[in-house]
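Protein chains in written order, with this note's numbering: chain C, 38 to 341; chain W, 38 to 341; chain P, 38 to 341; chain F, 38 to 341.
Honestly, the hints are just simulated from the structure, not real lab data.
Check each hint, because a few of them may be wrong.
Which copy is meant is left open, because identical chains are indistinguishable; a pair holds if it fits in one copy or across any two.
Dumping the calculated DSS-like pairs for lysine-lysine here, alpha-carbon to alpha-carbon at most 25 Å [to be verified]:
{"#": "1", "residue 1": "Lys-252", "residue 2": "Lys-98"}
{"#": "2", "residue 1": "Lys-231", "residue 2": "Lys-98"}
{"#": "3", "residue 1": "Lys-146", "residue 2": "Lys-252"}
{"#": "4", "residue 1": "Lys-243", "residue 2": "Lys-98"}
{"#": "5", "residue 1": "Lys-273", "residue 2": "Lys-98"}
{"#": "6", "residue 1": "Lys-273", "residue 2": "Lys-231"}
{"#": "7", "residue 1": "Lys-146", "residue 2": "Lys-255"}
{"#": "8", "residue 1": "Lys-231", "residue 2": "Lys-255"}
A quick note: this is a predicted structure, and the numbers were derived from the prediction, not measured.
Number of protein chains: 4
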Amino acid sequence: MNCGILNTLGRFDPITGVNWNRMYHFDETVIAPFAQQHIDASQEEIQASFQQLLIDQIEQKLDHNIWGITTGQRIAYQLQLMAHQADLVLDLHTGPISSKHLYCPEYIKASASYFDIPHTIFIPNDFDGAMDEATFCPWWSLQQAYQDLGRNFVMGEGAFAKESFTVELGSQEQIDLDVAHQDALGILSYLQYKGVISGNHYTPQKMTRYGCYLKDYKALYSPMGGMVDYLAEFGKPLPAGEPLARILRMDNYCVDESANGDGSGSPLHNICLDRQVLPILHFASASVNQGTELYKVFQDYFEL
Amino acid sequence: MNCGILNTLGRFDPITGVNWNRMYHFDETVIAPFAQQHIDASQEEIQASFQQLLIDQIEQKLDHNIWGITTGQRIAYQLQLMAHQADLVLDLHTGPISSKHLYCPEYIKASASYFDIPHTIFIPNDFDGAMDEATFCPWWSLQQAYQDLGRNFVMGEGAFAKESFTVELGSQEQIDLDVAHQDALGILSYLQYKGVISGNHYTPQKMTRYGCYLKDYKALYSPMGGMVDYLAEFGKPLPAGEPLARILRMDNYCVDESANGDGSGSPLHNICLDRQVLPILHFASASVNQGTELYKVFQDYFEL
Amino acid sequence: MNCGILNTLGRFDPITGVNWNRMYHFDETVIAPFAQQHIDASQEEIQASFQQLLIDQIEQKLDHNIWGITTGQRIAYQLQLMAHQADLVLDLHTGPISSKHLYCPEYIKASASYFDIPHTIFIPNDFDGAMDEATFCPWWSLQQAYQDLGRNFVMGEGAFAKESFTVELGSQEQIDLDVAHQDALGILSYLQYKGVISGNHYTPQKMTRYGCYLKDYKALYSPMGGMVDYLAEFGKPLPAGEPLARILRMDNYCVDESANGDGSGSPLHNICLDRQVLPILHFASASVNQGTELYKVFQDYFEL
Amino acid sequence: MNCGILNTLGRFDPITGVNWNRMYHFDETVIAPFAQQHIDASQEEIQASFQQLLIDQIEQKLDHNIWGITTGQRIAYQLQLMAHQADLVLDLHTGPISSKHLYCPEYIKASASYFDIPHTIFIPNDFDGAMDEATFCPWWSLQQAYQDLGRNFVMGEGAFAKESFTVELGSQEQIDLDVAHQDALGILSYLQYKGVISGNHYTPQKMTRYGCYLKDYKALYSPMGGMVDYLAEFGKPLPAGEPLARILRMDNYCVDESANGDGSGSPLHNICLDRQVLPILHFASASVNQGTELYKVFQDYFEL
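Just chain C, with the same shape it has in the complex (with noise of 0.2 Å):
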């Protein structure tokens, strides 16, 4: 007999349930103003002054104040304040059962293809928490302030040549050498044509590069609770109209079907789409209730 799983997903904390990824510092405020003071000055001059803005807002974040500050928050405060000094930051996650996905920021889109991952998120400049967001938000807000006042930089150039992926390294349960040896190789490509390392002895893998905009990320929530047979494969179209998962009803087997006719009560569900998607990654348990996050795919996804 099991009776039953408690799997937390490792991003929350058990106690307090915030989810430590979501905690990173954005203060949009700042941006404007910073513009106008900082309207004449050289790319170096802005990108220290900018740079140094963002650590001392960190650090004043940090600093003792008479309330304190949660747990999640001082360790988010204090891996950005690292990040912050960074020109290229890469967050290394894992997921629960996944496959290889990149969250990467519009303006550099070709970078996505240095990497040997196949499925990338193209993200806009909205924040929402994240480390990644938390590194290229306030340049990207900061390039648009100039550009509102008539003064014109390319992002991902000169003093914003900033750079920043949520690289998703798969199943967070699942290590094997021979794999991470192969993701190695990827961030080495991605480092090469940055500049970091030199020479030209990482090439990235030739695969089919998948891309689509974040908000055609998309969630699917369980219409149901049961025991879940994940059919839909990661990185596979998936037609519309086949299903993703079935769920299995337990409790239905017995259940006189002739009694409703329209099978609420059969014991196996089919849960389908009516549009095709790409299946990225799925819940880590086969027991779900209703409203349980079963899959998130693609939807309108396109080739790099």
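Using the hints, position chains W, P and F against chain C.
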């Protein structure tokens, strides 16, 4: 040997970390258009039509959509559907280890004194996802939208006679039927005041009632991990400089204290504030991490 | 960042830690007296009276007594009440991450080959609290008690035609309806062999079936904490000296390895055994502590 | 809304469910052979040789063996290695919500009155895996083995001057440094009595001290699930028929009670016993299942 306690706070989904109490719906964008379209409507018409609009929005959310909704959203929307059909909404809660306290909208301060609850937090017209806010914020916003159009209504009267409270009834792991009886009398006192029940059987208890604004209801996070001796009593003003708690660092008992003169290696640390506060609740466990929410307190409080 | 996973094994009560599968009842002291009192009874009488004795004992346990019984005991006794009324008992289980295996009493080895399960553990007449043991141990003990008195019965025949198995159907977080169908065919094959269903529709699959004795079904505990790359495949004989797993110590990656010549500071550790084994299951997480059960394996196994 | 609390009891490994406090080692089979081999040895020789035997056994267990040992075993054996080298062993514990109580071997009843603890459980020479038993059971068994061979020693004196207690210092989530100071004085009083510290500075407090035998230290399991109002006070004799607790069944509040005359549908249930008891501890949460351990109490207790 008792190596550890995992005491998850009940208001969070233990799997996904979402706070069950912050999933309610409020769409501010519908307010101004409604006021414009119903600028000359009678109060009866306003009440009926706006209530229907709120209900329709929730039903739309609950309606089967292709991607589904999360477990917590489904529960919240079903509760909200009931709440939108009522004039008075009481959301009964308990906390970890807690005194009794009341969340009350600022526009109906007088109502707070009819409950037998000594501490009241007055909340503004900001929506942060809670049930009480989800109930009164739409009406308050509507009243303001009419005001912007030159038509003045009084919040808490006529079509706008909506009241909503979160009633915090103390510690969640303590059931005392005598106290529960007293709590019930306080609620009856409020309901009699509002005319829900007739007669004059119920009189609120004489007690000193303290209030503060939501912005002054502060959490104090632990500056270090350790074992906590909670010293400050709930509901008793604590002078500036008096310790709220003592934190015991077992790991420092064997340290030669002369080694570092700043006291950081001391086994005992008093946690004080530089201002007078009124302690309201504290954490449920004696074992805390750096950053754990130790106490919640009123600052800048006043007598009602 | 994924800071931690709490994956409780479902066979334990998450509050009290009791193993749901080890709460069944067997009181050896009633066996010898029963045999003496029924020394000349017919097999029909023995079967009926002894079964009634077992049922009476459980009902006595379940009956309201002044101190009550634990949650787990109540569940176990209710299941056992059902089991004592059957001749054949199949207790269907799943494990963390696991191959299919069968627990089979030593006296009915032939039955093991009718299931489509490649690995069988033969269990002696020792009671350790499990459902299968609770079902056959009383009868086996009774047969031995009669033997001591000079009356010989054959276990598995006549009054003693009791068979009981724990059928481990693989990994608990994997639902695959095609595999489930295959599992069902194997169970039907066994039931047909025992005459529960008639005909000859079901033939056990041809496969190499391995067995070992319970004393040779060994757990391997991790010699250190770390991240685990599970290398050994289930059901495939692993030669002595070949690694079952590699343990990755991230904390040792930055250490100067020349510092300690014994390799204890190495980031990679192969976990090997000095004898050939047959891997059956492994732990569900890639993150382990020193002392976590890494693998369970057959040693001194043989073909059936 | 507070939907649920998962409060794991700290004495269980949250992953594997093993009770950290029941993993100590005692091998009774070595006792009789030792007594025979050392039948004429001096008390000094007996003490030194037997202690070395106990230590050797633990070191053998801890020594690297091919299969390893579990996390809990490693911790237990390391503690036991320390304990075997001492004459007096105090295992300091706390419980869920609990009065202070003491586990004391039957052969040294007099020692119990030197602690400032009002409730003592006297334990016999049976080994159930606990630290205190693991410390004194070998010596008690050895004394008995010598007695069987005609040589009489007094437990608690000479080579057998071994004392071991589990000191339960109250509720695990309550830290009170004033109470801790009082606890320390009681322990010093015992140590002074045993001559570990000299002088006569410490006098045990005058108090009514109650004792009972381990067999009379009883757990009461809840006959139903519900919300619990714990009524019985710790350390205060509760007459037969007086309620220990009231269980509140919210689900029965709306039921027409006239429907079933037996009261089973009543919203309130008093939990009583048919004999006088002394309540010692109760469960930590107000929410219980059928079968949750509600209270532990002394029956057939007496004054020391």
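Exercise. Which of the listed hints are broken here?
Worked result: Hint check: 2, 4, 5, 6 and 8 fail, others pass.
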